[in-house]
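Chain by chain, the residues:
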Amino acid sequence: MCKTAGSCQGCLHYVFDYETPKTLVIPNIRVGCVFRFTQLLVVLYVVGYVCVVQKAYQDTDSVISTVTTKVKGFAFTNTSDIGPHLWDVAEYVIPPQGDHSFFVLTNMVVTPEQTQSRCPELPNPSTTCVDDCDCIEGHSDPRGNGIQTGLCENYSTTVKTCEVLSWCPHEVDTKLPERALMSAAENFTVLIKNSITYPKFNVHRRNILPHINSSYLKMCEFNRTSDPDCPIFRLKHIVAEAGEDFQDMAVKGGILGILIDWSCDLDWWAKKCFPKYSFRRLDNKHPVNNVAPGYNFRFAKYYKKPDGEETRMLIKAFGIRFNVIVFGTGGKFAIVPTIVNLGAALSFLSLLPAVADWFMLTCMKKRDLYSKQKTSYLVEDTESMPMGTTYGTK
Amino acid sequence: MCKTAGSCQGCLHYVFDYETPKTLVIPNIRVGCVFRFTQLLVVLYVVGYVCVVQKAYQDTDSVISTVTTKVKGFAFTNTSDIGPHLWDVAEYVIPPQGDHSFFVLTNMVVTPEQTQSRCPELPNPSTTCVDDCDCIEGHSDPRGNGIQTGLCENYSTTVKTCEVLSWCPHEVDTKLPERALMSAAENFTVLIKNSITYPKFNVHRRNILPHINSSYLKMCEFNRTSDPDCPIFRLKHIVAEAGEDFQDMAVKGGILGILIDWSCDLDWWAKKCFPKYSFRRLDNKHPVNNVAPGYNFRFAKYYKKPDGEETRMLIKAFGIRFNVIVFGTGGKFAIVPTIVNLGAALSFLSLLPAVADWFMLTCMKKRDLYSKQKTSYLVEDTESMPMGTTYGTK
Amino acid sequence: MCKTAGSCQGCLHYVFDYETPKTLVIPNIRVGCVFRFTQLLVVLYVVGYVCVVQKAYQDTDSVISTVTTKVKGFAFTNTSDIGPHLWDVAEYVIPPQGDHSFFVLTNMVVTPEQTQSRCPELPNPSTTCVDDCDCIEGHSDPRGNGIQTGLCENYSTTVKTCEVLSWCPHEVDTKLPERALMSAAENFTVLIKNSITYPKFNVHRRNILPHINSSYLKMCEFNRTSDPDCPIFRLKHIVAEAGEDFQDMAVKGGILGILIDWSCDLDWWAKKCFPKYSFRRLDNKHPVNNVAPGYNFRFAKYYKKPDGEETRMLIKAFGIRFNVIVFGTGGKFAIVPTIVNLGAALSFLSLLPAVADWFMLTCMKKRDLYSKQKTSYLVEDTESMPMGTTYGTK
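Protein chains in written order, with our numbering: chain A, 49 to 442; chain B, 49 to 442; chain C, 49 to 442.
Among the clues, some could well be false.
Stated by the list, open to error - Not the full set, but computed from the structure, chain B residues with beta-carbon under 8 Å of chain A:
{"no.": "1", "residue": "Y325"}
{"no.": "2", "residue": "F327"}
{"no.": "3", "residue": "G342"}
{"no.": "4", "residue": "E357"}
Unchecked claim - Heads up, simulated PhoX-like pairs for lysine-lysine below, C-alpha to C-alpha not over 25 Å straight-line:
{"no.": "5", "chain 1": "C", "residue 1": "K103", "chain 2": "B", "residue 2": "K420"}
{"no.": "6", "chain 1": "B", "residue 1": "K103", "chain 2": "A", "residue 2": "K248"}
{"no.": "7", "chain 1": "B", "residue 1": "K248", "chain 2": "C", "residue 2": "K223"}
{"no.": "8", "chain 1": "A", "residue 1": "K364", "chain 2": "B", "residue 2": "K353"}
To be verified - Residues from chain C shown here face chain B by an in silico Cβ test under 8 Å; the list is partial:
{"no.": "9", "residue": "L89"}
{"no.": "10", "residue": "V91"}
{"no.": "11", "residue": "V98"}
{"no.": "12", "residue": "F375"}
{"no.": "13", "residue": "A392"}
Since the hints were derived computationally from the structure, they do not count as laboratory data.
Values in this document were obtained by computation on a predicted structure and should not be read as measured data.
Ideal Cβ placement from N, Cα and C applies to all residues, glycine included.
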């Protein structure tokens, strides 16, 4: 059919001839409706769900964050171990640096005057003895407190236990106060300063919002309804928002998450990027299968006596560890995810004719007529052979 | 039309007959050009932007990192509070462990000999008094320093304030040195050792690069132009690169981010995965609405007097907290993202005929001719009925 | 052809007439096979790889985690510096809080009685002197220990060095014990409590699994085969699993990662979300180009003598820092990634006819017949002109 002169001409034809499918128009409103309706569904999905709800046209970035915390408040205790004592920030916040994770001491077992010396073990089935033969010199029980000296000594008037070399006297941590010693800790406040960065978008924000002034910051206290932007939190309030009771939690300690969600839509109004605070207890309160419930750790203050002997005050500290957890994803319009998501949705659009064809050739009364005019069978070259020829049987 | 014998034959036909669209070739160079040009655009986008710029064919993984830091240097101070004193690493780096976040002490307010005792409050409107009636025993002002004893004592010759039980004497933190005490800290150096892992790709790297030898490491100092691979940083240099003045920042403290970007293309030359250092001040320098600008915290060293009384040296520490922040995304060729992105782009390719058809049937002079030959209308079975039949009116 | 009356009718036609491509059926089993086979490949890829292997139908979220650790055990040492000494948790774990990163002291260089005073420098080429002229008052060598006083003093009977103002006596860290002092540390155990959250899916898990009871937890010890769910780890076992020798590592210290992988398929059986533990040494053991191999830091305990003079015990602590690194991605079925991935794969499906057409028109014997019946050329309106007309030459 192509009667051009040279091969260059043919090549031009090959590149620039436009080959378009021949089509058949079916003027049937039911088939048309099915086709348009499915088209509408796909378009609605793309616009409504992918774009509006899921914001799939956005490129995303994870937040990089810095947190500093500063606790304020003091508490007064009067115990037999250490007498009247005023606790200030330098004492009850551990570690003192004001990092994103800080511990507020609320209860404790104090063992004031420990020295490296010899003393009888705390009594338990493996340490009680009758005479020195029950104690092996140099033996150390992993569940005990030190190296046995081989002697069996009076622990009390009724019980004898093996003597050990250890920090003596031993801590008796069964006498934990049932009401938290520093119950006043519930009124401590903490100032949280949080700066975040979305490095991919070069966006920087901090949780002290631009419209807040210094005088407000000196007086305010976070409250979800009245002061949702104040970065100063009362510990009692944090714990209550997490669904716990402070005094209850203060006895055995626990871990409390202060979650700051910086999920941001950075597209149109970058200033609409605000932190959302939430609070959650991170350890399990009363699980059936817990070892060492609550949160505690031991630390010591070391002193030297005038004679040069080292002595220490061992503190088993119970309290609440506050973890400031900053998370969030920033999204901003970008061409690649837009095209990926649009393209994927549009590929469904190109499947719709198959659906409409199937409906037309299966469910319509005139399907034979449609089929006959839409589909033609290959006609063999010179004579009209039956179609089955290429298969074996004929 | 299908004249085969059995139903199996028919089934074979159904599965293996190939149905291909009939096409019409339009030998018009303008339509062809429009089609080829739009095709070219899509292909260019796929190759150029998706593949080369965005590397959308890669699967990505987030970095897991470990950092150790080691500060070197010492500083000499001579103040009235503590006399001549040489500060070494064990004293001015808090905490001492050399973690990814470390604090270098640069300025301080020292309150040397505090004991638990009674002393008059610092004078301010709520603590000044005329006689004992102004002070309530057991009362504690949240902005004060301790529990009131109910007495009104001379703070100075001119002012009387309520006496409190507290760590006495109180800290007077208004006398912060205007020039940082440890100004020599600017010449401290820090060695940062950073190992990273991309767990998905099982790739491990460290910031001490393979081509660096030990003797170089003993002498070098990071410099963006001359020594970009040296992991030893002079504090002054870090602060200067962040656009700040060290001596200025040292007075009230601050937070400085040492950002290590490990974004890596792990595809062809895995060894091309190098750390990129950058530095940024993370807290706000002089915002209008800041509480407690700078960075400081209080800690104490506890001693015991020969008579057993506990005494402490309270230090309000100002300084620079350095946060080593490691981030980055590793990318490596993977089949799924490749297919997702290619597929999405190709689905645009399958929309191009629609574009070219629209152009052909709308903008070309011979559009009626093209339309007539491309599109045929359904012809009703026996007689040639007008097309409108299926709609209501006729 | 369209003989309708009004424009509204025409508009209805435009919207609801369904335009379907005319097709030609080719009853050739080879072409049909090629087409069906490629279709099968794409479908297999979608089902097998995208859905089953890569779970590309899932939306993903990163894990948020909290870790507490509690080390147990004690060790006995007997050195000339500090005499017989029993080390318990409060002494050898630094920092004591039981955070996700903790350091276990295994070896040390102790300098017991340092005071701020004057003493001769440690001898090295830059500090040795012959007389006072070699020492400059106020000079401080960055690689030295303090501020020179300008005097040249006897360091030993044979060597004279410049006197410095510093914490004296200086630490001599060359006398590091060749066998780790606290070799018993290998039998310490650590309890790791880890709670995780996938905030997007509101899923919370912890590493103490529901089916574990308290009595098991008191006795168990992690073992990959016999006790894979026990959260109590023996330090020796951790180090061994990382492919290292504990005693070897204990001498100079190191960093060990305890990796907890919480990658979870949250789709069908949420309870199938278990932690997978693995262990890896994070610093380089014996690299050729390492500064300060191993892991150590200096800290001090401060005391006051009866006369009020401050004295300290400087400890250069070598040991193993354990970093608990929690990572993982949770996946759950979501409609957007499903559609994106299916859509992208299906767009390949719509490219298959092009492949089959190419095969049919190139490789088949009857390609001319197929081509003639599939493709028709545009026929100019009144007379049958040759096709080349629109191009220049004719």
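Report task. Determine which of the earlier numbered hints do not hold for this structure and return their numbers in increasing order. Result -> Of the numbered hints, 1, 2, 3, 4, 5, 7, 9, 10 do not hold.
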